[in-house]
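**Q** Residue numbers (our numbering), protein chains in the order written: chain A, 17 to 365; chain B, 17 to 365; chain C, 17 to 365; chain D, 17 to 365.
Just so you know, these hints were derived from the structure itself, not from any lab. Hints should not be assumed to be uniformly reliable.
Selected chain B positions facing chain A (in silico; Cβ < 10 Å) [said to hold, decoys possible]:
| hint | residue |
| --- | --- |
| 1 | Arg30 |
| 2 | Glu64 |
| 3 | Phe66 |
| 4 | Gly133 |
| 5 | His212 |
| 6 | Gly213 |
| 7 | Ile224 |
| 8 | Gly225 |
| 9 | Ala249 |
| 10 | Thr266 |
| 11 | Asp270 |
| 12 | Gln273 |
| 13 | Thr344 |
| 14 | Glu348 |
For glycine and all other residues, C-beta sits at the position ideal for the given N, C-alpha and C.
4 protein chains.
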Amino acid sequence: MTRRVRIGLAGLGRMGRIHAASLSARCPSAALACVFDADEGAARRVGEQFGVPTAPSQEDMLADDAIDAVAIATPTGTHAELIIRASRAGKHVFCEKPVSLDRQATLDAIEAVRTAGVTFQVGFHRRFDPDWAAAADRIRAGELGEVYLFRTSLRDMTPPDPAFLAGAGGFFVDVTIHDLDTARWMVGEIVAVTAHGAALSDPGFADIGDIDTAVVVLRFASGALGVIDDSRAAGYGYECSTEVMGRDATVRIDHPQYRNYEWRTPGSASHGLPRDFEERFPEAYVAELESFARCVRDGEPPRVTAHDALAAFDLARAAEESWRRGRTVMVEPQRAGADVIYTVKQESR
Amino acid sequence: MTRRVRIGLAGLGRMGRIHAASLSARCPSAALACVFDADEGAARRVGEQFGVPTAPSQEDMLADDAIDAVAIATPTGTHAELIIRASRAGKHVFCEKPVSLDRQATLDAIEAVRTAGVTFQVGFHRRFDPDWAAAADRIRAGELGEVYLFRTSLRDMTPPDPAFLAGAGGFFVDVTIHDLDTARWMVGEIVAVTAHGAALSDPGFADIGDIDTAVVVLRFASGALGVIDDSRAAGYGYECSTEVMGRDATVRIDHPQYRNYEWRTPGSASHGLPRDFEERFPEAYVAELESFARCVRDGEPPRVTAHDALAAFDLARAAEESWRRGRTVMVEPQRAGADVIYTVKQESR
Amino acid sequence: MTRRVRIGLAGLGRMGRIHAASLSARCPSAALACVFDADEGAARRVGEQFGVPTAPSQEDMLADDAIDAVAIATPTGTHAELIIRASRAGKHVFCEKPVSLDRQATLDAIEAVRTAGVTFQVGFHRRFDPDWAAAADRIRAGELGEVYLFRTSLRDMTPPDPAFLAGAGGFFVDVTIHDLDTARWMVGEIVAVTAHGAALSDPGFADIGDIDTAVVVLRFASGALGVIDDSRAAGYGYECSTEVMGRDATVRIDHPQYRNYEWRTPGSASHGLPRDFEERFPEAYVAELESFARCVRDGEPPRVTAHDALAAFDLARAAEESWRRGRTVMVEPQRAGADVIYTVKQESR
Amino acid sequence: MTRRVRIGLAGLGRMGRIHAASLSARCPSAALACVFDADEGAARRVGEQFGVPTAPSQEDMLADDAIDAVAIATPTGTHAELIIRASRAGKHVFCEKPVSLDRQATLDAIEAVRTAGVTFQVGFHRRFDPDWAAAADRIRAGELGEVYLFRTSLRDMTPPDPAFLAGAGGFFVDVTIHDLDTARWMVGEIVAVTAHGAALSDPGFADIGDIDTAVVVLRFASGALGVIDDSRAAGYGYECSTEVMGRDATVRIDHPQYRNYEWRTPGSASHGLPRDFEERFPEAYVAELESFARCVRDGEPPRVTAHDALAAFDLARAAEESWRRGRTVMVEPQRAGADVIYTVKQESR
């Protein structure tokens, strides 16, 4: 009953190390079984830190019968293949977003997990944060009434380095994808995406054809409007805030203090702001893995499905197309059993 | 030196009565000289309340040598003509926005005040609120650095009644015009406007071809992005909030409490929210009239010019066109002496 | 009906000038008729600033039939005599607290206003602040239920200069008197006072036998406890906060921001704090004079009576005795018609 | 290096179950080895929930060589003896406060852990909360300057049941002891304690000679003043807040929201308040055990010593005496090596 799901962790960059800490000592239903990274030294250091063995190779990890599931935090380009191999090895899979920058590879990965019948969850951690979860529950319970407006901001304090950006799939797929998932989850399906972008903080963004600031306007199937503003260079800190305005109530998840104390000096009171996603979401990263482990253990469907990942990816690509072509992209969410699949409508306007 | 500018007030609807209270007892440099309203009974009641005479007609008010200036809060359709007549009578003019729903009438009014050489100010009160004014000053002083993102919300608690809406000029000219003025004032000139609208709270909006919710995306000449979300049906109260994110700092003017006390009951703490613009801007409506009176008295140029009013109007019309045609409208701000005049560019995309 | 009560203002120090501004342009029911100060130059400057005549002497002011009332903001030592002379001249009187540092002089002043039948109000401005007033109304309406705990803080940013301190009557009579009035007003009568004091910021306080920091514990007749912490050297700004905890609800009037905007820099968000009572109470100082003028005009009893002033003074003296003798001072509030008079009980413990 | 300290947990009431959850899955340096409770059924349920064995008896737990340390959350009356037996068995000890209601028993327990040379830590969790810890660090670093005033509140939403109260040692030893520890830790040693109490929410408190509300005034050796207000019946929720006002800065740890979202309905915005210590201190209860485990593992002295526990207990008893006798109790903190021991001074006043 209280068995812990044994999880092998592949990829020990920043997110990987956060997951290592969560799996090692914060998820009651999970245990960190072993770690792997292409950089052997890094793997050894993390393994020692958390007191777990290092897998000599991904193959070894996947062949290990003592491992129930793998958590994938490797570079994006390697996700799809690793998902497929892990599924075939009968391992349940938790994977960082996005599944792939290539749509077909994403579909192949989804098909692989479906065929294998394993549990598959993508790292849309915001769904597991207690504030967003409580707000979504209350919206779902009808406490907000009909939704009129959805608004969300996602902002990094400082841009990642160019090497990362090159492989990140562009602003919308790397950043806005989280907001698009939140929009669908909290409000419902989307029928139109209009995106605006700018490269303001550093000419390097324009040089690689990318942006650091975006505003994306959504129209939901219900008629409600949505607006996302995202930035890679907010300067003051990391921000993730959401507001949903409805007929009967409005919920606002605002920027929290980092540490709940106020420091007062002559004429001024100040409080700390979170500087990165790790400080902003101390519970969500733990909760998403704990939820995954429970679903694996109890044979329940995950709270974020493979098709949710696909939908957010397709919407991010629609946003990118909108930005590049300077016009609204109309999309069509279509039910396919329990899932929803988005297609781009031809040239509506 | 401490002479009070004597002001005749025409129009005693909601805004008119706010102005009556301000001029009567809150503006050190102004004095309420007389009031006028087409509804004689209303005029008499307000006159008695504030202890000032009622003008028998607008003509009488304009002919009265003891009156230095007129404040116009009549229905929009009457603004332009009254501005022109007042100017010709040598009266300085304060007028509620918009000057007119007709562009040519707006130009005629501007020309009239120019010819007469009187002081003319339009009621963009937000420029006079101490929070916005402080933020704008710090931006202007360079404390924010280059601006990356401008974001503002303007929301009414409940829609006005249909009779008002019919003459209000549509959502963008009636509501968003304030945000467009704020955007220009705080960040600078605008080169593209993309507007989205929806009628969600009441089918009556769609019936008259209007909307109750809008999202407007701006691109500034500097390259910065801006986003405005406005609503006539926020439900929880009136909101006017602004954020400007820059390279070196970010300023956020958020929703204040209405009354600074918190009421705690089991498991919950609540505070009051402003229900309307009068509760939200207790100082700004006074400050704009006091500023106007000082400019009249001291012969200084007003802080909002006639051309500022025209620019906001033109941008609101561009937003409306964008919404109706479903595409971005490119605009061109052109210097004309000290002023800026906007023109719509043909079919950029 | 809208007649303005014409008020002569005596004393043009800091509070006097605040009152001049309020009477001149912020109180609809009052008009500043003339000003007087022992320093002729100061009087002339303030008179010119507000466009009112300077009274050559207090006698002239009191003899002027065009003056309905006087507002007294002169040094404390002159209050009582001026109250008595003004009352005898048939003028209504508004006076800064305390009435006097001498109890008998206070009683004489109270007797003079009673005999003359004029309206008399003391400057406990907190009772007129919209937040405290709303909280007190809700307590009175029973929304809080039985009160368990009252807590209030009053803190100055920096100590006044020694010259002022010498004539201010000591910490409890000068500072804590406000809190003692608030305690009685919000919760009810008091039966025990225990005071603790310290001179921490400057040895000068100890040199004159005074303190800069105090904690005063109250026991109310209802059995509830109260606690006051006051300081002359809070450093970060001026603070006046109050909490009343009851069976059914708790109300907290906390420290507001000064200006409602937040300024964000890397990792930190800051907002302004009020630096003095003028920034903290933008409405209360106006409201107390407006209320006084209305009471004069309408012949209604003032919201703070002469006996309220006496009670707060007697409680402040009890606090001082408690601090000096190092023990609790038991007091007895006794009804005398509509009034309550406090006496110190002999040596309870 | 990453060895986990194996801890047996005795006592599975509310705090015991919180500790079970922390040790089981949230402390990287600790492992829950087994549980014990006098109620066998309760022990079995908790053991199953966390997947650990149940110790048949305390003796068995203490005799188990696989156990490095015991965490004691049994009823207060059993603490001292269990500490002594555990120490003699060579086990390190973490114990809930207070060590005992009997001073000699407390001394005996302290002597036992000293003799055995084991690590001993008492559950003053507030020292481990990240906000208090950060504030204390900044005070210690001199950022606040000389301290003028310390203020803290500790309030329960609803009183515990009478059965608990009977064995809890009275209000000051059960509740205020936490604040007294915080006062010493953040500001320094204390020289005078004056306590006031009242039984307001329920006559049952008076019936057992206890109180539900207290105000305690402290004088520190530095001359600074301190004030504590505590309640068992705050109604709105659990509160633990602290402010330290200093010459150069003031730090305020205020009441946080419970969940960082705001719910807006017409004219009102509300947020959740923590209802109990578990919701208020999600990190502190974990951090204190993690810190204990690290100290055990690394052979370092604990951050709260046995003598800290004794000092807080002695100060709580002084508060009780002050309340019962209605006068200030002077105390004398005396250095004994690295420790401080408090004695009550005879009849100072």
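**Q** Decide, hint by hint, whether the structure agrees.
**A** Here is how each hint holds up against the structure:
| no. | hint | in the structure |
| --- | --- | --- |
| 1 | Arg30 | 24 Å, violated |
| 2 | Glu64 | 41 Å, violated |
| 3 | Phe66 | 37 Å, violated |
| 4 | Gly133 | 42 Å, violated |
| 5 | His212 | 5 Å, holds |
| 6 | Gly213 | 8 Å, holds |
| 7 | Ile224 | 17 Å, violated |
| 8 | Gly225 | 16 Å, violated |
| 9 | Ala249 | 7 Å, holds |
| 10 | Thr266 | 5 Å, holds |
| 11 | Asp270 | 8 Å, holds |
| 12 | Gln273 | 14 Å, violated |
| 13 | Thr344 | 6 Å, holds |
| 14 | Glu348 | 17 Å, violated |
In summary, the numbered hints that this structure violates are 1, 2, 3, 4, 7, 8, 12 and 14.
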